[in-house]
Amino acid sequence: MTAAISVVSVHHAFGSFVALERVDLEIAAGEFIVLLGPSGCGKTTLLSILGGFLTPTRGRVLFGDRDMTQVAPKDRPTTTMFQDYALFPHMSLLDNVGFGLRMRGQGRAMRHAKALEMLAMVGLEGKASARPHELSGGQRQRVALARALAVDPKVLLLDEPLGALDLKLRRQMQEELKAIQRRIGTTFVHVTHDQEEAMAVADRIVVMNHGRIEDIGPPQDIYLRPASLFSANFMGEINMIPASAQGGGVQTPLGPVALPPLGDGAQTLCIRPENLGLSGEIALGEARLTDAAFFGTHHRCHFTPTAAPDLTLIAHLPQGGHPELGSLHQLYASSAVLLPQEETPV
Amino acid sequence: MGRVLIWGYMTVLYGFIFLPVAVLVLFSFQDSRLPVPPFNGPSLKWYGQVLGDSDLMAALGNSFLVALVSSAVALLLGFLAAHALARYRLPGSVLMRGVLIAPMTVSYLIIALGLLTVFNKIGLPPSLLATGIGHVVINLPLCFAILYAAMGDQQKNAERAARDLGASEVRVLWLVSAPMLMAPLLAAFFLSVTFSWDEFIIAFLLTRFEVTLPVEIWSMLRSGLSPKTNAIGSLVFLVSVALLIVLDLVVFRKSRR
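Chain order of the listed sequences is A and B.
Throughout the first sequence, residue numbering follows the working numbering, covering 1 to 346 in sequence.
Throughout the second sequence, residue numbering follows the working numbering, covering 1001 to 1257 in sequence.
Don't read these hints as lab results, they were simulated from the structure.
Check before you lean on any hint, since a few could be wrong.
[Said to hold, decoys possible] Derived BS3-like pairs (lysine-lysine); straight-line CA-CA distance at most 30 Å: (1) 114(A) - 74(A); (2) 154(A) - 114(A); (3) 127(A) - 74(A); (4) 74(A) - 1156(B); (5) 154(A) - 127(A); (6) 114(A) - 1156(B); (7) 178(A) - 154(A); (8) 74(A) - 178(A); (9) 168(A) - 74(A); (10) 127(A) - 1156(B); (11) 168(A) - 127(A); (12) 1121(B) - 154(A).
Required output: the full structure, derived from the provided sequences and hints.
Structure representation (C-alpha cells):
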C-alpha cells in the first residue's frame, strides 16, 4: 500500500529566489521522515513538490518507479494534513472524512462506514455529525488526519500539522501520530521547524538549510553526530570550541584534545551541554564555575576555562546540586565531535 | 437639547426619504379617480384593477423572468471570474479586474445606448433577451466585486485540500468554494434581482412588444395620474422590501453565526 519516494536532483526557484538547490533524497516505503529546518529553508517547498502543488524547475520525483513530477495533486497517491487543518466548514465531520472517498466514486454507505472507522481511530466516533467549528484545535487536527488517511494514501504529507497546538497537546499528538503511523505503515513525510518534535516522531530526520540538505539520519545520529555545524546547532544547544589539527593531533584553546582529527586545518569541537561535566572521557582542563541556574531537569552552569578566559562553556549538571560559584574544577566531555569549519553559525 | 436635535434631524431625514413612498402607498387606497388630496377611502378597487389587468400581469411576469435569469447568469459569470482572479496569477489581472468593474461607473443610459447599437448591428431585435443581457452587463460587476472581496485564504486552503483529496476543478467549485461562499453568493444574487427588478432605462430602450414592469408603469403614467399606478407602484415597492428582508434574514443572519 505504501510507496518509496525518490527525489532526483530537484531544483526549484521562485523568480530569482532559489528555494531548493539540487536536492536528492530517497525515502523508503513505510518510513516516517521529518523535514526539519528554519523557515525559508525549502522544506515546505519540497513537501509541496511531493504533493504536486508545485512542479520543480528541474529534477524528478518518483513514487516507487512511477515518475510523478508532472502529475496533479488529485491524481497522486498522496494526501496532505495542512497546518491550518483546512477542514470544510459547511460539512459534518462524517462528510469531511468521507470527502476523498466520495471523489473516488465510492457509494454513500461504504464511505460513511469507512469515515466512521477513521473517526473512531482518532477517538472522535461520537462526533460524526458535528461541524468543524464545534471542535477544539486538537480535535480538528485529528479530523484532518482522519480525512487524509481515509483514502488509504501511499504517502501522507504533514505540513507543520502541530504548529497551532499548545505544547502539552503537541506532545500528545506526536505520540498519536507515531503510533498511528506504526500501525498503518504508510510513508509519512512531516515538515516542522521544531527539532524536539522531529526527534519525537521521526525514523529519519532530514535537516535542511538554504535549499540544501545539511544532514540526514536517525534522530540519535543527527543529535549526537551531526554532519555540519548548522545541523549541530539546529538540533539543540551545543558548545563550539575552535580547534585546529596538525600532524594527527587536535589543538584547542583549552589544550590538546584526544580525538582523531578530520585532517589538517581549522575545525570546530562540538559538545552538547549535557555531555560536559565533572567526569567523562575527554579531559578539557581546569575551569571556574561562574554562573548556575536550576532548570528542573538539570542545573545549567557556565564555566570559564582557566586556559581560555574569554570562552564560556555551558554544562548541564545533574539535579543533585552544583558546586559553589567561583570554585575551580576539572572539566570532562563525552560524545564530543569534530566538525569542519564553516561560516560562523547564526 | 442635543437629543431633541438628533431626534428632530432623524425625523426630517426619514420623512424626506419615506414621505413620497408613504404618500404613494396611501393614495393607492384612494376611492376616487385621482391620487391627490383629499384622501377618501380606503378602497382596494385599484388593486383589483391591477390584478385584473392582463398587460400589467404579463409585464410583472416578464420582470420576474428577466430578474431571476439575468441575476443567475450574472452570478455565475461573476463567481467564475472572481474565483479565477482571486486564485490564479493571470497576465494582466489588474487590468482584467478593472475592466470587469468598469460598467459600474458608466451610466445605465450609456450602457443601454451601446447595447442598442451593438444589438442593431448583430440583428438582435429589442426583446426580453436583449434586456436580460443588459441586466447581466450591469449586475456582473456587482456580483464580481462582492464575491471577489469574499474570497479569503480560508476558502483557498479548503480548495487546496479538496484538490489534494482528488476533487476535479468543477467539483472543487461546486462542493467546496460555492457552499463556503453561500452568504455572499445569496447577497449578490438578491441585490442583482432587486436592481434588475427596478431597472427602467435599459429595459425601456431594449424592449418592444414584451415589456418589463417599470416600462409598463411608465406607459401608464403617460396617460395621466391614476391611483392604479399608485397601486402597482406599491406592489413593486412591496416586492423590493420583501427581497431585502429575505436577504437580511437568509444572508446576514447566516454570516453572523
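query: Regarding the pair residue 168(A) and residue 127(A), is the alpha-carbon distance no greater than 30 Å?
result: holds (23 Å)
field: Proposed proximity, residue 74(A) with residue 168(A) (alpha carbon, max 30 Å)
entry: At roughly 34 Å apart (the allowed maximum being 30 Å), residue 74(A) and residue 168(A) break the hint.
Hinted pair residue 114(A) and residue 1156(B), Cα distance within 30 Å: Status holds; Cα separation ~27 Å.
message: Checking one constraint from the list: CA of residue 178(A) to CA of residue 154(A), max 30 Å. Satisfied?
response: Given that 30 Å is the threshold and the Cα spacing comes to 16 Å, the pair holds.
query: Taken at face value, is the distance from the CA of residue 1156(B) to the CA of residue 74(A) at most 30 Å?
result: holds (16 Å)
query: residue 154(A) and residue 114(A): Cα distance at most 30 Å?
result: holds (17 Å)
message: Next pair to validate is residue 1121(B) with residue 154(A); report whether the Cα-Cα distance is within 30 Å.
response: Distance ~59 Å between residue 1121(B) and residue 154(A) Cα, so the pair is violated.
query: Has the given pair, residue 127(A) with residue 74(A), been kept, meaning a C-alpha gap of at most 30 Å?
result: holds (28 Å)
Pair hint outcome, residue 74(A) versus residue 178(A) [Cα-Cα no greater than 30 Å]: The given pair, whose Cα atoms are some 26 Å apart, holds under the 30 Å limit.
query: Is residue 114(A) close enough to residue 74(A), meaning Cα to Cα at most 30 Å?
result: Roughly 20 Å separates the two Cα atoms, so the pair holds.
query: Is the straight-line distance between the alpha-carbon of residue 154(A) and that of residue 127(A) 30 Å or less?
result: holds (27 Å)
query: Taking 30 Å as the top limit, are the C-alpha atoms of residue 127(A) and residue 1156(B) close enough?
result: Between residue 127(A) and residue 1156(B) the Cα gap is close to 26 Å, so the pair holds against 30 Å.
Of the numbered hints given earlier, the model fails hints 9, 12; all others are met.
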